[in-house]
Amino acid sequence: MKSTWTAVTLAGKQADVYDPPGPGQPRFGVLHLHGVGLGTLRDRPVFTRWLEELRLACVCPHGQRSWWGDRLCPEFDPQITPERYLLESVLPFFEERWGLKARSIGLQGISMGGQGALRLAFKHPNLFPVVAG
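Numbering (the numbering used here), first residue to last: 1246 to 1378.
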């Protein structure tokens, strides 16, 4: 079975979703926050290969140039902060799609997303067991 990336809409916002190949559901997932250049892991074959080898589910939400903060950013959304979106829409998607709870999801980011990942992990230490930025 070939690994696949698909574009989905979560609470009105686009995200790239990776479903690893193989039988059964993945045991772990990755929430990836993109940088200011707006590229996601879907654009990076080496990351896709690692996700496939490790059988990791992955969600790469498109957050515009929001810095993934807990402040309204008109470029992202005029009514919900990027942080609230991640906590209230993206994390629940992992459980709905793969049965993965927050403690089974690693958080990572590159550039702007790296600072967002680290800030979220420090602010919500009980949600993310692994973080890289």
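Treat the hints with caution; some may be incorrect.
What the hints assert, rightly or not - In silico DSS-like cross-links for lysine-lysine, where the CA-CA straight-line distance does not exceed 27 Å:
#, residue 1, residue 2
1, K1258, K1368
2, K1258, K1346
3, K1368, K1346
Claimed, not checked - Label pairs and their calculated CB-CB ranges:
#, residue 1, residue 2, range
4, F1367, K1346, 15 to 23 Å
5, E1297, A1377, 13 to 21 Å
6, T1249, V1281, 23 to 31 Å
Source of the hints: derived by calculation from the structure; they are not laboratory data. We put the beta carbon where it would ideally sit given N, CA and C, even for glycine.
Status of the hints after comparison with the structure:
no.	hint	result
1	K1258 / K1368	holds, 23 Å
2	K1258 / K1346	holds, 21 Å
3	K1368 / K1346	holds, 18 Å
4	F1367 / K1346: 15 to 23 Å	holds, 20 Å
5	E1297 / A1377: 13 to 21 Å	holds, 19 Å
6	T1249 / V1281: 23 to 31 Å	holds, 27 Å
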